[in-house]
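There are 2 protein chains.
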Amino acid sequence: MMKRNIRLKIEYDGTRYQGWQKLGKNANASTIQGKLESVLSKMTGESIQIIGSGRTDAGVHACGQIANFHTDCSFSCREIKEYLTKYLPSDIGIVTADEVSERFHSRLNAKQKTYQYRIAIPGTVNVFERKYLWKYPETLNIEKMNKAAAFCLGTHDFLGFSSVKKTKKSTVRTIYSIVIEEEHSEIRLSFTGDGFLYNMVRILTGTLAEIGAGTRDPESIFHVFQSKDRKDAGITAPPHGLFLMNVEY
Amino acid sequence: MMKRNIRLKIEYDGTRYQGWQKLGKNANASTIQGKLESVLSKMTGESIQIIGSGRTDAGVHACGQIANFHTDCSFSCREIKEYLTKYLPSDIGIVTADEVSERFHSRLNAKQKTYQYRIAIPGTVNVFERKYLWKYPETLNIEKMNKAAAFCLGTHDFLGFSSVKKTKKSTVRTIYSIVIEEEHSEIRLSFTGDGFLYNMVRILTGTLAEIGAGTRDPESIFHVFQSKDRKDAGITAPPHGLFLMNVEY
Chain A
1 MMKRNIRLKI
11 EYDGTRYQGW
21 QKLGKNANAS
31 TIQGKLESVL
41 SKMTGESIQI
51 IGSGRTDAGV
61 HACGQIANFH
71 TDCSFSCREI
81 KEYLTKYLPS
91 DIGIVTADEV
101 SERFHSRLNA
111 KQKTYQYRIA
121 IPGTVNVFER
131 KYLWKYPETL
141 NIEKMNKAAA
151 FCLGTHDFLG
161 FSSVKKTKKS
171 TVRTIYSIVI
181 EEEHSEIRLS
191 FTGDGFLYNM
201 VRILTGTLAE
211 IGAGTRDPES
221 IFHVFQSKDR
231 KDAGITAPPH
241 GLFLMNVEY
Chain B
1 MMKRNIRLKI
11 EYDGTRYQGW
21 QKLGKNANAS
31 TIQGKLESVL
41 SKMTGESIQI
51 IGSGRTDAGV
61 HACGQIANFH
71 TDCSFSCREI
81 KEYLTKYLPS
91 DIGIVTADEV
101 SERFHSRLNA
111 KQKTYQYRIA
121 IPGTVNVFER
131 KYLWKYPETL
141 NIEKMNKAAA
151 FCLGTHDFLG
161 FSSVKKTKKS
171 TVRTIYSIVI
181 EEEHSEIRLS
191 FTGDGFLYNM
201 VRILTGTLAE
211 IGAGTRDPES
221 IFHVFQSKDR
231 KDAGITAPPH
241 GLFLMNVEY
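Chains as they are written, first to last, in full-length UniProt numbering: chain A, 1 to 249; chain B, 1 to 249.
Excised from the complex, chain A in its bound form:
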């Protein structure tokens, strides 16, 4: 029998969570997926399994995570959104809930994602967003960062820019754009690509920060593509500055 397929757009403050995904080995950890499944299962009386567009690491935030789930319930999308809004913790918000075709799959159909990383400019003050900014201590040269970012664009094997262990799966990804903007008291890096490996945005950000600080050359990007060795890339920027902004289908 055909089930309804509901798509959610979700915003969350990842500070308190062990990431998006419920993990087999640690099924009791607090995850966004776990919170959603628990509230939806209570609402429907079914054992709801929710499919996210992809994982986000512990401490990483989202403005536009997409997820879907199948259900036999007869609640309207509006009722589903209202029920979730009422019973989810205040650090998880439902932006939209829509009924979609039975074939829609949040992960498999994702065509492109955008992540944003926020770095505080040294000497500036922003106490209200302090939990969402990486306090990198050096002044960054955006011109150098842009030069290095251009080297990252296109299709490459990003294994060296990831925390992926030996795998048979492809580690080739395509980055369509990296936009670096200085706004108010911060520098924002926006990465758009067809997909990102484990820790890839955080390692790219850490590497670009070292390049902006002058402790690494823009050309060192090529070396990492060649060696495919994580040790040749820069530090992993901390999770609290990272936001999954948007998923395109």
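Calculated from the structure, these hints are not laboratory results.
In this text the structure is predicted, and so the values were computed from the model without any measurement.
Keep in mind that a hint or two might mislead.
The list treats identical chains as one, so a pair stands whether inside a single copy or across any two.
Below, simulated DSS-like cross-link-like pairs (lysine-lysine); rule was C-alpha separation at most 30 Å, straight line [as the list claims (entries may be wrong)]: (1) Lys-135 / Lys-42; (2) Lys-228 / Lys-135; (3) Lys-228 / Lys-147; (4) Lys-9 / Lys-86; (5) Lys-35 / Lys-9; (6) Lys-86 / Lys-131; (7) Lys-131 / Lys-35; (8) Lys-135 / Lys-86; (9) Lys-9 / Lys-131; (10) Lys-169 / Lys-228; (11) Lys-111 / Lys-9; (12) Lys-228 / Lys-111; (13) Lys-166 / Lys-111.
With the hints as your guide, set chain B onto chain A.
Chain B alone, transformed into the frame defined by chain A:
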């Protein structure tokens, strides 16, 4: 002997604090003033007393609180800012530190202040700023609020819009402007005046919210001015939506 006079512009997240002012009866409570005095006294080896432009209540925030203190120390303003930035908790930030004339007094010389109050629009999602928004459950009619706000402008006895107990001090204040803006997922009310009584901005906001929700008439403002009775005004909006934005001298 003449002491140096240092003026600070301070930003703080008031969530964790019992307000700006150290109170005699509760000298151990956590206050912004107390934190500043403690760090400055340690830095200078003097017993520093800091003068704020005015109190903010427990839970109220500031982007532009002004304070000054006198000292014999020889640290530069830059060193003072850096020391404070290093040793203050991360929810208190020093925007600027400047040396001013010995006659400058943060409270007595204040000519005008601006407060902003932020109300979330029902049904919208903003998990990242959830601690700074009042979740008022009703949809607000901004036209009605603007009509009532216009009645508040000018010089009035605001006793009925305050939590001030019987006092010999004047409760007459002048409001120069009230600007109500809808931006993204929130409504922002900005109040500029020559000074505000205890709880006055929060009671004005609560009253304007009830007027926007339609449970109170704009003309009820006049009744409060006439009766001077707190019971005739609306509810006191909670502290977490309120920001001291600016003090003019």
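Results of checking the hints against the structure:
1. Lys-135 / Lys-42: Cα proximity of Lys-135 and Lys-42: across copies only (25 Å, versus 40 Å in one copy).
2. Lys-228 / Lys-135: within (28 Å within a copy, 49 Å between copies)
3. Lys-228 / Lys-147: within (20 Å within a copy, 65 Å between copies)
4. Lys-9 / Lys-86: So Lys-9 and Lys-86 pass the 30 Å test inside one copy only (16 Å; across, 39 Å).
5. Lys-35 / Lys-9: within (15 Å within a copy, 41 Å between copies)
6. Lys-86 / Lys-131: both (25 Å within a copy, 17 Å between copies)
7. Lys-131 / Lys-35: The answer is both: 22 Å in one copy and 20 Å across copies each meet 30 Å.
8. Lys-135 / Lys-86: between (34 Å within a copy, 13 Å between copies)
9. Lys-9 / Lys-131: Classified as both; 23 Å inside a copy, 21 Å across copies.
10. Lys-169 / Lys-228: So Lys-169 and Lys-228 pass the 30 Å test inside one copy only (15 Å; across, 74 Å).
11. Lys-111 / Lys-9: within (16 Å within a copy, 47 Å between copies)
12. Lys-228 / Lys-111: Cα proximity of Lys-228 and Lys-111: one copy only (25 Å, versus 62 Å across).
13. Lys-166 / Lys-111: within (25 Å within a copy, 66 Å between copies)
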